[in-house]
Structure formats: structure tokens, C-alpha cells
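Visitor: As a plain string of letters, each chain reads:
Number of protein chains: 2
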Amino acid sequence: MEGREGKDIENNEGGAMAMPVAVGGEEEGEGRGVMERNGVGGGGSGFFYEEEDKEMGMREPLLRRRTMNTTSQLAIVGANVSPIESLDYEIVENDLYKQDWRSRRKVQIFQYVVLKWTLALLIGLGTGLVGFFNNLAVENIAGFKLLLTNNLMLKERYREAFLAYAGCNLVLAAAAAALCAYVAPAAAGSGIPEVKAYLNGVDAHSILAPSTLFVKIFGSIGGVAAGFVLGKEGPMVHTGACIANLLGQGGSRKYHLTWTWLRYFKNDRDRRDLITCGAAAGVAAAFRAPVGGVLFALEEAASWWRSALLWRTFFTTAVVAVTLRAFIEYCRSGKCGLFGEGGLIMFDLSSTATSYRTPDLIAVIVLGVIGGIFGSLYNFLVDKVLRTYSIINEKGAPFKILLTVTISLLTSCCSYGLPWLAKCTRCPLDLDQCPTIGRSGNFKNFQCPPGHYNDLASLFLNTNDDAIRNLFSSGTDNEFYISTLFVFFAAIYFLGIVTYGIAVPSGLFIPVILAGASYGRLVGTILGPMCALDKGLFALLGAASFLGGTMRMTVSVCVILLELTNDLLMLPLVMLVLLVSKTVADSFNRGVYDQIVTMKGLPYMEAHAEPYMRNLVAGDVVSGPLITFSGVEKVGNIVHALRLTGHNGFPVVDEPPFSDAPELCGLVLRSHLLVLLKGRRFTKDRVLTGPAEVFRRFGAFDFAKAGSGKGVKLQDLDINGEEMEMYVDIHPITNRSPYTVVETMSLAKAAVLFRELGLRHLCVVPKTPGRPPIVGILTRHDFMPEHILGLFPQFKHHM
Amino acid sequence: MEGREGKDIENNEGGAMAMPVAVGGEEEGEGRGVMERNGVGGGGSGFFYEEEDKEMGMREPLLRRRTMNTTSQLAIVGANVSPIESLDYEIVENDLYKQDWRSRRKVQIFQYVVLKWTLALLIGLGTGLVGFFNNLAVENIAGFKLLLTNNLMLKERYREAFLAYAGCNLVLAAAAAALCAYVAPAAAGSGIPEVKAYLNGVDAHSILAPSTLFVKIFGSIGGVAAGFVLGKEGPMVHTGACIANLLGQGGSRKYHLTWTWLRYFKNDRDRRDLITCGAAAGVAAAFRAPVGGVLFALEEAASWWRSALLWRTFFTTAVVAVTLRAFIEYCRSGKCGLFGEGGLIMFDLSSTATSYRTPDLIAVIVLGVIGGIFGSLYNFLVDKVLRTYSIINEKGAPFKILLTVTISLLTSCCSYGLPWLAKCTRCPLDLDQCPTIGRSGNFKNFQCPPGHYNDLASLFLNTNDDAIRNLFSSGTDNEFYISTLFVFFAAIYFLGIVTYGIAVPSGLFIPVILAGASYGRLVGTILGPMCALDKGLFALLGAASFLGGTMRMTVSVCVILLELTNDLLMLPLVMLVLLVSKTVADSFNRGVYDQIVTMKGLPYMEAHAEPYMRNLVAGDVVSGPLITFSGVEKVGNIVHALRLTGHNGFPVVDEPPFSDAPELCGLVLRSHLLVLLKGRRFTKDRVLTGPAEVFRRFGAFDFAKAGSGKGVKLQDLDINGEEMEMYVDIHPITNRSPYTVVETMSLAKAAVLFRELGLRHLCVVPKTPGRPPIVGILTRHDFMPEHILGLFPQFKHHM
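Protein chains in written order, with numbering that gives the first Met the number 0: chain A, 0 to 798; chain B, 0 to 798.
Keep in mind the hints are simulated off the structure, nothing from the lab.
Note that the structure is predicted; figures quoted are calculated from it, not measured.
Be careful, since some hints might not be right.
Simulated crosslink set (DMTMM-like; lysine to aspartate or glutamate; CA at most 25 Å straight-line) [as the list claims (entries may be wrong)]:
1. Lys105(A) <-> Asp585(B)
2. Lys766(B) <-> Glu721(A)
3. Lys766(A) <-> Glu605(B)
4. Lys97(B) <-> Glu609(A)
5. Lys115(A) <-> Glu605(B)
6. Lys766(B) <-> Glu609(A)
7. Lys97(B) <-> Asp619(A)
Make a model of the complete structure from these sequences and hints.
Guide: Structure (C-alpha cells):
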């Protein structure tokens with residue numbers, strides 16, 4: 000399916016609105032059992048699939064193809080199994096589950112608990128290890144590159160220095176882009192939006208696959224070392240989630256690394272918990288902020304939360320912190336090459352005085368307001384650039400690499416070229432070492448004579464971490480000129496926007512912090528003596544305002560900054576600036592991760608129901624007729640239905656003679672049906688075989704959810720013609736307690752129910768007696784604004 | 000109803016098990032519309048009410064009275080409106096709501112948002128102000144008392160010193176107890192369990208009333224100043240919640256302080272949000288820990304959470320932090336009497352070295368294990384003491400005061416008597432001031448000659464805050480003898496246990512921190528040179544282990560300790576010790592707040608369903624017959640039903656001629672019926688009057704939830720005999736979209752639905768057609784283990 004209809008996307012990209020996500024994903028095998036559906040506006044039934052992402056990890060839903068012919072298309076729908084899959088957090092309470100639960104002994108429960116915590120430990124260890132390795136590699140590669148450039152500069156071989164610098168960047172960038180483009184396109188970008196969507200119940204294909212993990216780690220190292228204005232923090236979150244997924248699946252079956260006794264975790268609920276831990280561990284490893292990691296998972300990543308999970312997440316991040324600390328202790332002895340000075344070290348601001356007066360507060364508020372405006376502008380521009388890039392990335396892997404290389408050249412030119420504009424400054428007298436010798440440090444010599452430094456080069460010709468440290472440094476109020484800060488701010492703001500979207504793993508935290516810090520320091524320097532606050536503190540507040548303006552996180556950013564800078568006394572100011580900038584930015588647009596989720600066409604369920612949903616009832620958005628199964632169904636009918644539709648859940652209706660009147664027995668899942676059919680135990684007559692037969696034939700975990708793309712597939716079945724005429728009793732695998740709503744239930748309330756309980760299917764039952772016992776099934780897509788407003792355009796003005 | 004049957008409680012107290020809470024509260028007006036119900040075990044229908052608390056804010060459910068006569072008792076049930084009320088977070092989507100929503104203009108939505116944030120601001124300001132006032136008063140009163148004692152000691156008038164010390168304590172304790180016993184019994188104790196229960200959906204009567212707020216503030220000042228081993232932190236949380244409730248209700252109608260345009264907030268959902276903010280603000284004010292406050296609200300207090308609330312809570316705690324800071328700045332000039340040195344100041348540990356080796360880690364783990372054991376023992380003993388005290392407090396207000404006075408004398412004797420056991424120590428030479436002159440400080444002279452200090456007196460004859468600061472102080476490894484620390488630890492551990500439960504507002508944080516810190520320092524001193532860690536750090540870790548062991552909070556305790564001590568570098572150790580102690584303690588019993596919630600008979604809904612619920616279906620725990628209303632019902636029937644039952648919700652069933660067959664129209668609330676009946680617009684015939692009539696007669700907010708005990712009551716209605724025979728159309732006030740489950744739905748899933756959506760009533764509908772359209776209503780009490788295990792004793796072994 001890959002690559003088909005790739006062109007359609009361009010038609011859509013021109014549209015003024017964000018892609019109609021839910022509509023696009025409507026028939027992605029969501030299993031409402033609906034064979035026919037009115038098209039949006041038009042009368043035809045549409046079907047869609049989402050093209051697998053070839054461009055920088057983004058998935059763009061294809062335009063809905065309209066046909067007036069509703070039935071001829073049905074055969075194709077079954078084939079179009081979409082790469083987006085909804086997750087199901089409901090416990091499938093069928094006979095098998097109950098049997099399993101009854102037979103589960105205390106030993107098994109103990110085993111489960113021990114495994115759960117062991118996995119948390121392993122996720123912490125793994126993420127900590129990867130975080131350390133990532134930093135070690137970046138510091139060494141980037142350090143080597145910068146030392147080489149520096150040495151050539153010292154010999155006044157400026158042209159060769161540029162060629163060495165740009166060449167290294169180019170090679171690293173091309174390598175990272177090639178990895179991304181050819182091995183795992185899903186690894187491009189930040190990964191936080193995808194993790195967020197996963198935790199909301201949308202599994203984008205291969206987003207947590209082992210190959211994605213591999214590319215994410217090495218692509219990120221390449222990208223950061225190549226001097227791009229991007230961070231390793233977002234990718235670390237994605238990496239943590241991938242590690243959690245890998246461990247939770249018991250390793251990769253594809254690479255023959257399995258751990259079969261992890262069967263307890265073969266369901267969406269336990270996997271979700273693990274991935275939440277992984278995301279938290281990622282932030283903890285990226286920023287060495289264990290509490291910040293927990294809060295990030297809580298505030299930004301997770302859609303559901305419970306107290307027990309808080310504790311487990313906290314444990315995971317604690318393990319990350321301890322792991323990192325152990326490695327850093329080891330490296331302190333100098334065994335890690337160029338690592339040790341830069342990377343993973345806190346930005347220590349503790350010497351800053353933090354007494355402030357009313358004028359300072361006003362300055363901080365103004366800083367927050369402007370930061371909020373810049374932040375929302377950043378989101379707006381990132382969105383525009385992403386949409387443009389996706390057209391280029393669309394065209395294939397070589398174009399992705401070409402784009403990356405172009406941006407790399409642009410970045411190199413800026414980094415190397417702009418410092419020539421700055422004038423040389425005499426070193427302050429009270430310093431031991433100026434210009435700094437070696438890789439990191441505040442004062443870069445660049446083209447200046449000895450005893451002088453180039454302040455713009457001190458920012459540009461450094462790793463991003465070191466540049467931030469320079470900007471945050473306190474007691475260095477006169478180190479940077481206003482013009483320097485202005486040039487740096489403008490360049491970084493611009494480069495950050497054009498960099499996100501290229502085919503390398505790229506986090507948004509560092510570009511935003513970098514731009515924010517230079518903006519804050521610029522404001523602080525302009526205010527000069529009017530404001531008593533330290534310029535380093537201004538840089539920190541500027542970074543906070545940009546983070547609040549783009550990511551719209553408050554508590555977690557606050558704690559992360561706290562843990563980064565190790566100074567609690569500035570907490571009130573950071574809180575103030577975050578609140579102001581978030582409020583300002585929220586009046587313009589949404590957070591950058593939400594924007595990207597929407598743009599990628601991931602059907603994200605918001606926590607609240609939209610107001611217009613109160614004017615609709617659940618019955619308004621379902622449409623019939625349904626595909627339902629009898630409790631004892633003919634094999635042929637099941638196979639036919641599975642083949643014709645991509646639905647994942649089918650209502651089971653008991654009819655006479657098995658009940659007095661037709662009544663809803665429950666809901667059966669496609670995956671369970673496939674396993675049952677694969678067992679090939681059919682009966683000639685339409686009789687109840689009961690659960691005992693199934694218990695004999697299947698183990699408790701045969702029906703557990705397989706890893707993505709691993710379960711029994713329709714084409715795996717080999718059922719002959721005779722068997723097609725036989726019957727199978729699907730009662731034992733039917734979920735007897737599906738959640739139901741009455742068709743007259745307000746759609747808003749149904750949406751709240753759906754979202755709060757993390758459902759995949761919600762059965763709609765009739766209000767009045769004497770009708771078939773089920774009206775339809777609501778799925779995630781039915782609650783998407785695009786779908787509803789397509790059916791009821793009159794509510795558009797309520798948006 | 001107050002005081003009736005007060006004796007019954009004693010019979011019950013002797014029972015080995017915790018009170019059968021839910022059973023006790025079964026008919027507390029929960030509105031399942033059930034007129035008759037099989038008793039637990041017995042065949043009779045029981046009815047119950049809960050006696051209003053007269054003893055230290057605890058409410059003990061009365062024993063269920065069994066009668067074989069089911070009907071003669073029904074008349075009384077209506078009168079027994081219980082002081083516990085469930086909250087309803089469901090949006091009542093009736094015609095009125097929809098009409099109101101349609102007519103709501105953008106201006107009103109804007110108004111709502113502005114008000115919401117204004118309220119958050121006011122809650123923050125109010126809580127900050129109270130927090131400051133509390134500290135100011137305590138520091139001045141306790142300071143005066145200690146100075147007086149100290150001066151008498153210096154003159155060697157030891158007997159008079161004791162009399163002055165114990166006398167001051169006694170007067171303060173008696174005053175606080177009298178306030179509690181006579182004005183607001185609900186103000187006694189910590190208040191955190193009640194706030195936690197409120198946020199779970201259980202409103203214990205008058206727990207957030209203005210009188211409770213008043214007593215909580217002044218009682219807490221008295222209690223802390225009286226030298227009890229109790230804290231002001233728990234009461235501050237309760238105070239914050241009370242302030243939030245007061246502001247959210249638009250002031251107190253009783254005291255004619257109303258703010259009528261707060262009508263938007265007259266519902267349980269908005270009130271819950273405000274009270275969450277208030278609880279967070281309380282912690283923030285108590286510990287000056289804004290981030291800790293947010294996390295406390297999240298981890299311990301709140302049962303539901305959403306991202307938007309996180310932000311608002313964060314704003315509130317930021318306001319608290321700024322308010323406190325402003326006051327402290329003001330006090331720095333010495334205008335606040337004895338305030339300034341003690342109270343509200345962080346325990347600054349930043350000079351502590353935090354490098355550690357493997358043996359140190361082992362020491363820390365052992366510390367955590369023993370701390371966890373001590374913590375769970377603490378919970379166990381507190382529970383036993385509380386149960387004993389409740390018998391005494393039962394007997395009436397004078398007994399409450401007597402108990403408080405006894406404990407006060409005991410505390411005074413310990414504090415003044417035990418230091419005589421300690422030997423005098425020569426002051427270290429390098430100190431400016433030893434023994435400390437004035438109120439606070441490390442070194443107390445007590446009976447020692449000049450140039451010497453009594454280390455036990457330095458801990459006992461200080462405020463609790465100063466004692467903690469002394470224990471946490473770093474670089475003072477030899478200040479305290481092992482014997483001193485042992486005596487202090489034993490005394491504080493014991494006093495802390497016997498103090499919680501007396502009739503004064505008493506927090507658990509400080510006693511636990513105090514005992515934990517002395518324990519930690521004791522262990523550190525015993526280990527001596529074997530462990531390189533500072534003794535102050537050991538004290539901190541000991542405090543963390545005790546907090547983890549009693550309260551079972553992890554992330555929030557961690558952050559609170561961080562914010563208290565302002566040292567991020569010890570974070571991994573604190574995390575480790577918390578994780579260890581919580582794990583150890585969890586294997587013995589539950590957290591102290593959960594214990595108290597259970598003991599008070601508050602029907603708390605856990606987030607997870609108990610395993611045995613999977614073997615039951617929703618229909619198993621409801622019992623009929625129901626009281627249902629027709630869509631157009633005879634007034635007399637409604638009045639009769641309201642009088643006969645205490646139920647709060649009644650199903651409305653449409654019957655021919657208004658529908659083809661009987662069908663469930665929705666659910667109508669008692670409070671709405673009362674307002675409608677008070678309007679006295681009835682019709683002679685059974686006709687639909689439609690919503691227009693109701694809109695004409697009532698404003699949008701006439702049906703909004705009134706403050707506790709403020710709404711229309713049954714006795715307020717004056718309906719004459721003729722009107723009783725008339726009809727009223729209750730369709731416009733019927734919630735058309737109640738959540739429903741099918742009777743065969745697994746009880747576990749119904750419980751999850753109930754809990755996750757914060758419902759008060761859950762309608763159970765029949766599975767098979769041809770039966771009445773509703774089987775029963777599930778309420779909070781139906782999900783309580785006591786109720787279910789009473790009906791199905793065979794599941795008891797699954798517990």
C-alpha cells in the first residue's frame with residue numbers, strides 16, 4: 000500500500016484548514032460494523048486508508064475518495080487495513096477471561112507484580128543507558144568536529160576550517176537522513192506527538208517498532224552532532240517509549256529476541272502503562288530531571304492516569320537518575336573522551352541573587368507576554384513549514400536527504416558566517432582562561448587576536464547545550480553585546496523553525512530554549528540597569544516564556560527548569576512567566592504537539608466534549624445497517640464479513656432458539672475471531688458447544704494481543720468449502736459486558752464515556768422495544784469534529 | 000437528629016472489623032428509588048442515618064437497626080436526611096440545561112472564564128493570607144510562652160517555669176478544644192481525609208462550612224501554640240478547601256455575605272475544581288511549596304484530574320507563594336513581633352555534601368525499610384487510639400475538652416520533664432552564640448550553667464518547626480547524643496500517636512516528620528563514622544521514610560521535601576528511601592488517610608474494581624421494586640414519594656399515551672422536583688405542558704445546586720389537598736441522558752463506569768424486552784465492599 004496515491008496529498012495540502020483527520024481515517028478498520036455510510040456532504044460511501052509515512056515520520060491522511068457506488072467498493076475496504084490502529088483499554092470480559100481469572104493463583108498475581116516492577120526497572124536502566132550513550136556520542140563527535148575547526152582557525156586557515164566544519168555537518172546530516180529515510184521514516188521528528196497519540200489510544204503503525212528505536216538513537220546522535228538547531232530531548236522521549244514497548248512485548252519477534260513469559264503484558268492497558276513510564280524516563284534521561292519526567296508524562300503525554308501509575312513512573316525515573324549518575328561518576332575520571340564537561344550537566348545558576356522588586360516583576364510580565372506571542376508565532380510557522388516540507392518529503396527518500404543536506408548547509412553557513420559580523424572584545428581581566436582553550440567554554444577566540452574573544456562565535460560554534468549554558472551563565476552581564484544577542488536570536492528562531500520537519504529525529508525543546516534564552520538575555524541587556532535581575536536569570540525566564548508559548552506545559556516545564564538549574568528561589572518568577580506566556584499564546588493557537596497530532600491525522604480524543612455535541616444524540620452519528628453475528632454463526636458468514644470489512648468489533652446477537660427474543664449478547668473482536676477460526680473446531684449443526692471446548696483447545700494467552708502486525712491474519716486461515724458451511728459457537732470469546740449507550744444519549748455524554756473509559760467500541764442500543772437489539776457501534780472516529788461537522792454542517796458556526 | 004442513639008456506637012466500636020461503612024450509610028438519601036430492600040443477612044428492610052459528629056470531627060455510622068416490619072418504618076426514612084451526601088458530577092442534561100446552553104452568549108462564557116480565574120486568584124490570596132496569619136500568631140504566642148519559661152528558668156525558678164509553661168499550654172489547649180467541641184466538631188483532626196472524600200464525591204455535612212473554617216484557623220493556632228505534637232499542615236489543607244468552598248458558594252448566606260453572581264459555580268463539578276485548588280493552596284501555604292501543593296492535590300487529594308485543572312491549581316499555588324513572600328518581606332523589617340526567625344522558613348540544607356558510596360546506599364535502604372515498618376506501625380496505632388478516643392469523645396463536649404486537657408498535661412510533662420534526664424554539654428567553641436539567647440535557635444540553656452547547653456531541651460522546648468530545623472541542621476554532627484535522640488524519638492512517636500484524635504485541628508505531617516527526623520538522625524549517629532553522609536541529611540531521609548511509611552505519598556512528599564530543604568542534589572536518595580519505605584509499609588496496611596476515611600464511614604470509591612466484582616453483574620446488587628414517576632405525574636404521588644423516601648433521584652418512565660410502550664425517559668433529581676413543586680404550576684388534566692411553561696416560570700439558575708442545607712425542603716412546600724390531585728409535567732427537568740448499564744453488565748465494569756465518570760446514580764436497564772424499562776438504580780453504596788460482601792458472603796475469601 001506504501002506510496003499509493005501519494006499525490007493526493009498535495010491537493011489537500013492547499014486547503015485552508017487542517018486536514019480533516021477523522022474523516023480521513025474513518026474506515027481504517029475501526030469496526031463499527033457499518034457496511035454503508037453517508038459520505039460527508041455527498042451521498043456516497045467513502046473509504047480511505049492512510050498512506051504509510053515515507054516523509055519524516057509524518058502521516059498525512061489521504062483525501063477521502065468519493066464514489067456514488069456504495070457496494071462495489073466494499074470488497075476493497077477489507078484489503079485496506081490501515082496502519083493506524085485504535086487501542087482498546089476495556090477489559091474483554093468473555094468466558095475465557097473469567098475462566099483465566101478464576102484459575103489464576105496467588106503465585107501468578109505475585110509474578111505479575113514482580114514482572115511489572117522489573118519491567119519498570121529495566122525501562123529505567125535502558126533509557127538511562129541510551130541517554131548516557133547518546134550524550135557520550137554527541138559530545139565526542141561534535142567535540143572532535145569543533146576542535147578540528149578551532150585548530151584550523153587558530154592557524155588562520157579559515158577556508159579549510161569552514162570546509163571541515165560544514166563537511167562534518169554534511170556527512171553527519173546525510174547519514175542521519177539516510178537512516179531515517181530508508182530504515183524507519185517513523186523515527187523522524189520529535190516523536191512526542193506520536194507518543195501522546197499512542198497514550199490517547201491511537202497506535203500509528205511502526206511508531207514504536209525496534210527499527211524506529213534504532214534509527215531514533217543513531218539518527219538523533221547524527222542530527223545533534225551535525226550542529227542542527229534541534230534537540231535530543233523529544234527523541235529521548237520517543238526512545239524511552241520504544242524501549243518500554245520493546246520490553247513490554249517481550250522483545251522483538253522479528254529479530255528473534257523474545258521473552259515469552261511476558262504474556263501478562265500482552266494487552267493495551269499494561270502496554271500503555273509501560274509506555275507512560277518510558278516517556279517519563281525519556282524526559283528524565285534527557286534533562287536529568289526525574290520529577291520533571293513524571294510531571295511531563297502526567298501533563299503532556301498521558302491521557303489517563305491513576306495514582307498507582309504515578310508511583311511506578313516515579314520509580315522508573317529514579318532508576319534513570321541513578322543510572323545516569325553512576326555513568327557520570329565513572330566518566331569523571333576522564334575515561335569518556337571529550338564527555339564530562341558538556342552535556343547532561345545541570346545549568347547551575349545557584350549564585351544568582353533572586354531578590355526582586357515591583358519594576359522587575361513588570362519586566363518579567365512583559366517578557367512573558369512577548370514570549371507568548373513569539374511562542375505562538377513559532378507554532379504557526381512550524382506548522383506552515385511542516386506542510387511545505389511534507390510536499391518535498393513526499394517525493395521519496397532522495398528528496399528527504401536532499402532537504403536535510405540543504406538545511407545542514409544553511410545551518411553551517413549561519414554558524415560559521417555570522418560570527419564574522421561580530422567585533423572582537425578584549426577579555427575581562429579577572430578570568431583565568433580567555434579565550435577558552437579546548438572544546439567547551441564561554442569565550443571563543445574565532446578570528447580574534449589573542450586576549451580577545453568573539454561573543455557571537457561563543458554561541459554559534461558550540462554545541463547547543465553549551466550555548467544554553469553560556470546564555471544562562473550568571474555574573475557575566477557584559478559578556479554579550481545587544482547586537483550579538485539580536486543576531487543570534489533571529490538566526491536561531493529562524494533555523495529552529497526550518498529545521499523541524501527534516502528527516503532526522505529532532506526535538507523541539509532545545510531550539511525553543513535556545514531562542515528563548517537569547518531573547519530573554521537580549522531583553523535583560525536592553526533593560527540594562529533599569530532592572531536589577533541578573534542577565535542569566537533573564538535568559539532562564541526567556542526560555543520559560545518560549546516553552547510556555549510553544550508547548551503550553553506549565554508545571555512540568557517549571558520543574559524541569561528547576562531541576563536543570565538547581566535553584567528553587569527563582570520558582571515564583573518562572574511560574575509567573577509561564578502562566579503569562581501560556582495565557583497569551585493560548586489566545587492565538589494550540590500547543591505545538593497538538594498541532595502536529597492534528598496535522599498527522601491522528602484521531603486524538605480530547606478530554607472534554609465539544610459544546611455542539613450536546614445538541615446531538617448518539618444515534619445521530621451512527622448509521623446502519625450493521626454486520627452482526629449470531630451467537631452460533633456459520634463459518635462462511637464470519638469469513639465473509641471479515642473479508643469484506645476492516646472492522647475490528649462485531650456485535651453478537653442471540654436469537655431464538657438460544658434466547659426468547661433477539662438480544663445483544665456482546666461484542667466480539669476481529670482478532671479473537673481469527674484465532675478461533677484458525678483453531679478449526681467447527682460443528683455441523685447449529686449447537687452451543689460451550690466454553691469447555693474452547694478452554695481445551697486454547698491456552699489463556701492465545702487470544703492475548705500480539706505485537707503490531709504479528710497476530711493471525713485473514714490470509715493465514717485455510718478453511719475449505721465444507722467448513723465454510725459449518726457452525727462455530729462464538730459465545731466463549733464474546734465480551735459479555737460491552738459498554739452501551741441508549742441511542743438518545745447526548746453525544747457529549749457518550750463522548751465523555753468513551754474517552755474516560757478508554758474504549759474502542761461503544762455499542763448504541765435502541766430506546767424503544769421491538770427493534771433489533773443494537774443500533775450501531777460508535778468508534779473514535781465518530782467523535783472527531785470533522786466527522787460530526789461533516790454530517791451536521793449547521794454546527795460549524797459553534798466551533 | 001443530633002445525639003440520638005449515640006450509645007449504639009459503642010456496641011459497634013468493639014467489633015474487630017472496620018465499621019461496615021456503606022451498609023451503615025445505605026439509606027442516607029441516596030436515591031435509588033427503592034422502597035424496600037432486603038437487609039444484610041436478615042430478611043427485614045433496614046434504615047439508617049449517620050449521627051452528626053460531636054466528637055473530634057469524626058463521623059461514625061450507627062449500627063443498622065434491623066426490623067422485621069418493613070413498611071411501618073418507611074415514614075421515618077424520609078425524615079432521616081443523612082448528613083453525608085453524595086456529589087454528582089454528571090451534567091444534568093434536561094430541557095432547562097439545553098435551553099440555558101443555547102441562550103448562553105459569548106459574554107457569559109467569557110464571564111465564566113474570568114470568574115474561574117478570579118476565584119483561583121482569591122483562593123490563593125485567601126489561603127496565603129491565612130497561612131501567614133496562622134504562622135504569625137503561632138510564632139508570637141508560642142514565642143511568648145517559651146520566652147516566659149526561659150526567663151523563669153534563667154532565674155532558677157524551675158517550679159514556676161513549669162507552671163507557666165504547662166499553664167499556657169493548658170489554657171491554649173482548652174480554648175482550642177472548646178471551640179472545636181461547641182462550635183464546629185467537624186474542624187477537629189487533620190481534615191485531609193474529609194477533603195479527600197469530598198473530592199471523591201462524598202460531602203460530609205458541614206465539613207466545608209464557614210464555622211468549620213473559623214474553628215479550623217483559630218483551633219489550629221491554639222493547638223500548635225499549646226505545644227502539642229501536631230502540625231498546622233493538614234489543617235491548612237482543610238482551611239484551603241473551606242476557603243475555596245466559601246468563595247465558590249459566593250460567600251455564606253447564613254452570615255449574609257453573598258455574592259450572587261457566582262451562580263455559574265453552583266454545581267458539584269465546578270465546586271470540586273475549586274476545592275482541589277484550595278487543597279493544593281493549603282499545602283503550598285503550609286510548606287511554602289507551590290509545586291508540592293499541586294502534586295499533593297494530584298497524588299493524594301483528587302480522585303479526578305484533567306490537564307486544565309493542573310494549570311489552574313498551579314496558578315493558585317503560585318499566588319500563594321507570591322502572597323507569602325510579600326508578607327515575609329514585610330516582616331523582615333521586624334514589624335511582626337517574634338515572627339521572622341521561625342515558621343515558614345525553609346530548612347536550608349544546601350551546605351550538605353551529597354556524594355555517596357555503596358555502603359551509604361545500603362544504610363539508606365535499611366533506613367527506608369525500618370522507617371516503613373515504623374510508619375505502618377504508626378498507622379496501626381493511630382487507628383487503635385482513634386477508636387478508643389471516639390468512645391470518650393462520644394460522651395459529649397466536656398469529655399472532649401477533658402481529654403484534650405489530659406493530653407496537654409502529658410505533653411507538658413514530657414517536654415519539661417524529660418530534658419532533666421539529659422546531661423549538660425559544653426558549648427562548641429566556634430559558635431557565636433551558645434546557649435542561644437531569645438526564642439529560637441539550636442542551643443537551649445535549660446538548667447545548665449552558662450556556656451553549656453541541654454541538647455534534649457533544644458528539641459523539646461522549641462516549636463515543632465524549630466525542633467525539625469535543629470534535627471535537619473547540617474555540620475552539627477556532635478550536637479545531639481544518641482541517648483537524647485532516642486528519648487526524643489520515643490517520646491515524640493508516642494505523643495504523636497496519642498495526640499491525633501483529640502478535639503483540636505491536628506495535622507499529621509509535623510509529628511511524622513519530627514519522629515522521622517529524630518529516628519533518621521539517631522540512625523546516622525549510631526552509624527557514626529561508618530557512613531559518610533551528614534547527620535542532617537540522615538534526619539531528612541528519616542523524615543522521608545516515615546512520611547512514605549504513613550502517608551504513602553511519593554512524588555509529592557519528594558517535591559515538598561525538596562522545596563522545604565532547597566537542595567536538589569539529594570533527590571535520588573530521597574526517592575530511594577521513599578520507594579523502599581512505601582513498599583515495605585504497603586505490605587502491612589493502608590495509608591493513614593485511607594484508614595481514617597474508612598473509619599469515619601465515608602463511602603470512598605476506589606479507582607479500581609475489586610476482583611470479586613467480576614463474578615457479579617449489575618443486576619445482582621440492585622433490588623426492587625422501584626419508585627418511578629410518569630412523565631406527567633400526579634402531584635400527590637410525588638409529594639408522597641419524596642416524603643416516604645430519602646432518595647435523591649427517581650427514574651421517569653413515559654407510558655402511553657405519551658409513548659407507544661413504557662420507556663425510560665430519564666432521571667429526575669429530588670432537589671429539582673422540590674423547586675418545581677414550590678412553583679405550584681399544576682394542571683387539572685394529565686397533559687404535556689412542555690418546557691416553555693417552566694422557562695417562563697423559572698430562571699436558569701433556580702435549579703442550580705444550593706449550598707449544603709440551603710435548598711428547598713419538603714416542609715417548605717405548602718400544597719393543598721386540591722393541588723395534590725392535580726398533575727405536573729416533569730419532562731422539562733428530567734435528565735434525558737442518564738448513564739445506563741444493562742443488568743447483565745459485569746459489576747466491575749459498572750463500578751469503573753460509575754467511578755470514572757463521577758456519577759451519583761447509574762440506571763440499570765433490563766436486557767430482555769417486555770419488562771419494565773428500568774430495573775433499578777446503582778449508587779455509591781451499592782459498590783461498597785461491605786454491601787456486596789453482605790449480600791454475597793461467599794466472596795469474602797477473595798478479599
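Visitor: All the hints need checking, so say for each whether the structure fits it.
Guide: Checked hints:
1. Annotation: proposed proximity of Lys105(A) to Asp585(B) holds, straight-line Cα distance about 17 Å (limit 25 Å).
2. Using a Cα cut-off of 25 Å, the hinted pair Lys766(B) and Glu721(A) is violated, with the two alpha carbons roughly 36 Å apart.
3. Between Lys766(A) and Glu605(B) the alpha-carbon distance is near 32 Å, which puts this suggested pair outside the 25 Å criterion.
4. Under the criterion of a C-alpha separation no larger than 25 Å, the hint pairing Lys97(B) with Glu609(A) is consistent with the structure, at around 14 Å.
5. Annotation: proposed proximity of Lys115(A) to Glu605(B) holds, straight-line Cα distance about 21 Å (limit 25 Å).
6. Taking the CA atoms of Lys766(B) and Glu609(A), the gap is about 31 Å. The hint is violated against a cut of 25 Å.
7. Of the supplied pair hints, the one linking Lys97(B) and Asp619(A) holds, its CA atoms being roughly 17 Å apart against a limit of 25 Å.
The structure is inconsistent with the numbered hints 2, 3 and 6, although it conforms to all the rest.
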